[in-house]
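Asks: Here the protein sequences come in this chain order: A and B. Using numbering that gives the first Met the number 0, you'd call the opening residue of the first sequence number 0 and step up by one each time. Using numbering that gives the first Met the number 0, you'd call the opening residue of the second sequence number 0 and step up by one each time.
Hint data in this document are derived by calculation from the structure and do not stem from the laboratory. Some clues are possibly wrong.
Intra- or inter-copy, both count: the list cannot distinguish identical chains.
Said to hold, decoys possible - No farther apart than 27 Å at their CA atoms in a straight line, the calculated lysine-lysine pairs in the DSS-like style are these:
{"no.": "1", "residue 1": "K33", "residue 2": "K115"}
{"no.": "2", "residue 1": "K141", "residue 2": "K65"}
{"no.": "3", "residue 1": "K197", "residue 2": "K141"}
{"no.": "4", "residue 1": "K115", "residue 2": "K65"}
{"no.": "5", "residue 1": "K166", "residue 2": "K115"}
{"no.": "6", "residue 1": "K25", "residue 2": "K197"}
{"no.": "7", "residue 1": "K25", "residue 2": "K202"}
{"no.": "8", "residue 1": "K202", "residue 2": "K166"}
{"no.": "9", "residue 1": "K96", "residue 2": "K197"}
{"no.": "10", "residue 1": "K33", "residue 2": "K96"}
{"no.": "11", "residue 1": "K115", "residue 2": "K141"}
{"no.": "12", "residue 1": "K166", "residue 2": "K141"}
{"no.": "13", "residue 1": "K25", "residue 2": "K141"}
In this text the structure is predicted, and so the values were computed from the model without any measurement.
Protein chains: 2
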Amino acid sequence: MQALLLLTVSLSVLFSVLAQTPHPCKAPPYLEGKLVVLFPEGHTTVFEQFAYDAVEQRIRVVASGKESTHNVFVDRLMFFRERFYYDINYHNQSCVKTPFSADFVPIEIPVDAHHKAQFVLGSLSAPAQGLLVNDWVGSVPKMKANYSMSFTEFGCIPITTLYNVEKMGHFLSSFFDIVIGLENPDIFIPPSFCTSAKLEQRKDGKVVDFFTSLL
Amino acid sequence: MQALLLLTVSLSVLFSVLAQTPHPCKAPPYLEGKLVVLFPEGHTTVFEQFAYDAVEQRIRVVASGKESTHNVFVDRLMFFRERFYYDINYHNQSCVKTPFSADFVPIEIPVDAHHKAQFVLGSLSAPAQGLLVNDWVGSVPKMKANYSMSFTEFGCIPITTLYNVEKMGHFLSSFFDIVIGLENPDIFIPPSFCTSAKLEQRKDGKVVDFFTSLL
Numbered sequence: 000m001q002a003l004l005l006l007t008v009s010l011s012v013l014f015s016v017l018a019q020t021p022h023p024c025k026a027p028p029y030l031e032g033k034l035v036v037l038f039p040e041g042h043t044t045v046f047e048q049f050a051y052d053a054v055e056q057r058i059r060v061v062a063s064g065k066e067s068t069h070n071v072f073v074d075r076l077m078f079f080r081e082r083f084y085y086d087i088n089y090h091n092q093s094c095v096k097t098p099f100s101a102d103f104v105p106i107e108i109p110v111d112a113h114h115k116a117q118f119v120l121g122s123l124s125a126p127a128q129g130l131l132v133n134d135w136v137g138s139v140p141k142m143k144a145n146y147s148m149s150f151t152e153f154g155c156i157p158i159t160t161l162y163n164v165e166k167m168g169h170f171l172s173s174f175f176d177i178v179i180g181l182e183n184p185d186i187f188i189p190p191s192f193c194t195s196a197k198l199e200q201r202k203d204g205k206v207v208d209f210f211t212s213l214l
Numbered sequence: 000m001q002a003l004l005l006l007t008v009s010l011s012v013l014f015s016v017l018a019q020t021p022h023p024c025k026a027p028p029y030l031e032g033k034l035v036v037l038f039p040e041g042h043t044t045v046f047e048q049f050a051y052d053a054v055e056q057r058i059r060v061v062a063s064g065k066e067s068t069h070n071v072f073v074d075r076l077m078f079f080r081e082r083f084y085y086d087i088n089y090h091n092q093s094c095v096k097t098p099f100s101a102d103f104v105p106i107e108i109p110v111d112a113h114h115k116a117q118f119v120l121g122s123l124s125a126p127a128q129g130l131l132v133n134d135w136v137g138s139v140p141k142m143k144a145n146y147s148m149s150f151t152e153f154g155c156i157p158i159t160t161l162y163n164v165e166k167m168g169h170f171l172s173s174f175f176d177i178v179i180g181l182e183n184p185d186i187f188i189p190p191s192f193c194t195s196a197k198l199e200q201r202k203d204g205k206v207v208d209f210f211t212s213l214l
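Kindly generate the complete structure, drawing on both the sequences and the hints.
Replies: Structure follows, in structure tokens:
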């Protein structure tokens, strides 16, 4: 009886300690939302609306912004598993299908990330006035990148991610208006005028990785 | 009877329209919290813990940071109405009392600010995962400054303020861990070794305004 009590007490102490420490987490597999991405050296700021499917590794992103002097507008449907993306132009009813080999980077805190801080945006003094957020740091050697990320404590929703990529610079993404789930799963089905598109290499010869694939 | 009904309907339509538009607001008069201030051109980042009393126009701020190559540590108790502040040094039990004439800038959205956007940090898809925030822009001609501010929709709690001051540059403040009320109102009472301090002009001759008073 005493042994059982001791075990129960030990386990509850262990669980309460584990529960106190924030753990790396994965965002929900289906998300929609918006983000503002600041590309290296602040030359380009892009406003994006996105739909995210971590199960099938698909991202649809409608991005608009300014790159140096010219405007950028991209409606891109990316299939990371199938390793190609469509650039869709409803105005011309045209579609460009491009191969790419970027790894899918799920919206998550990598398991080897280090917890930096927990803080409240706003205030927890009254309901609906504050948000509990964790800051994480780490590195992805394969990408030659260091990162710093803020995700909500509850729900593992991204707030900001900052990647510092070797020889490229800083990519700062600020997420907002995130909705869990997909309002319209059709968003991952290419429009009918895309079915005849053939795979074409990028004309600019750029090597596309996860970071530049959204540009 | 019909006239009364019409009046009721008109008023409820008017109120519902007014209720839909976010209005400039004042933060609660007593706050404690932390902020990170990025001073112009990113040369100085200061971490501050503050207590704020908008009724008596008092601010206590303990700031630490790095200015170019040297570390900065300040424990400052500011009386905006009385127009002086104490720099307190518990280690030496010393206190410097300095006159200043900066206007008190309450934590609020000025009444003539323009509403720019409403957005959600995180997600409102589930409880405790998101925070509704308003973005405001405007200018303070007296300070020769433009500003952009994010405050929570509920409670009017500051999230970020960005002031662009003519001939000075950008002051970016990010607030967090805000608590409504004062845990310890004693924080505005100077320590006993301050009572003998006499008013002294700043040795560096700097003109102190609201922005530089915290540096």
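Asks: Please go over all the hints and tell whether each is borne out by the structure.
Replies: Verification of the supplied hints:
1. Taking CA atoms no more than 27 Å apart as the test, K33 paired with K115 passes in both settings, with 25 Å inside one copy and 16 Å between copies.
2. Neither within a single protomer nor between protomers do K141 and K65 lie at most 27 Å apart by alpha-carbon distance, with minima of 30 Å and 33 Å respectively.
3. Within a single copy, K197 and K141 get their C-alpha atoms no closer than 31 Å, and across copies no closer than 61 Å, so neither meets the 27 Å cut-off.
4. Taking the shortest Cα distances, K115 and K65 sit within 27 Å of each other only across copies (20 Å), while inside one copy they are farther apart (33 Å).
5. Taking CA atoms no more than 27 Å apart as the test, K166 paired with K115 passes inside one copy only; the shortest distance there is 25 Å, against 36 Å between copies.
6. Neither within a single protomer nor between protomers do K25 and K197 lie at most 27 Å apart by alpha-carbon distance, with minima of 35 Å and 58 Å respectively.
7. In this assembly of identical chains, K25 and K202 lie within 27 Å of each other by CA distance neither inside one copy nor across copies; the values are 36 Å within and 54 Å between.
8. For the identical chains of this complex, K202 and K166 are intra-copy neighbours only, at 23 Å inside a copy versus 45 Å across copies, given an alpha-carbon limit of 27 Å.
9. In this assembly of identical chains, K96 and K197 lie within 27 Å of each other by CA distance solely inside one copy; the values are 6 Å within and 75 Å between copies.
10. For the identical chains of this complex, K33 and K96 are intra-copy neighbours only, at 24 Å inside a copy versus 49 Å across copies, given an alpha-carbon limit of 27 Å.
11. In the homo-oligomer, the alpha carbons of K115 and K141 lie at most 27 Å apart inside one protomer (22 Å), although the nearest pairing across protomers, at 40 Å, exceeds that limit.
12. For the identical chains of this complex, K166 and K141 are intra-copy neighbours only, at 14 Å inside a copy versus 44 Å across copies, given an alpha-carbon limit of 27 Å.
13. For a Cα distance limit of 27 Å, the shortest separation of K25 from K141 inside one copy, 20 Å, qualifies, whereas the shortest one across copies, 48 Å, does not.
Of the numbered hints stated above, those contradicted by the structure are hints 2, 3, 6, 7, listed in ascending order.
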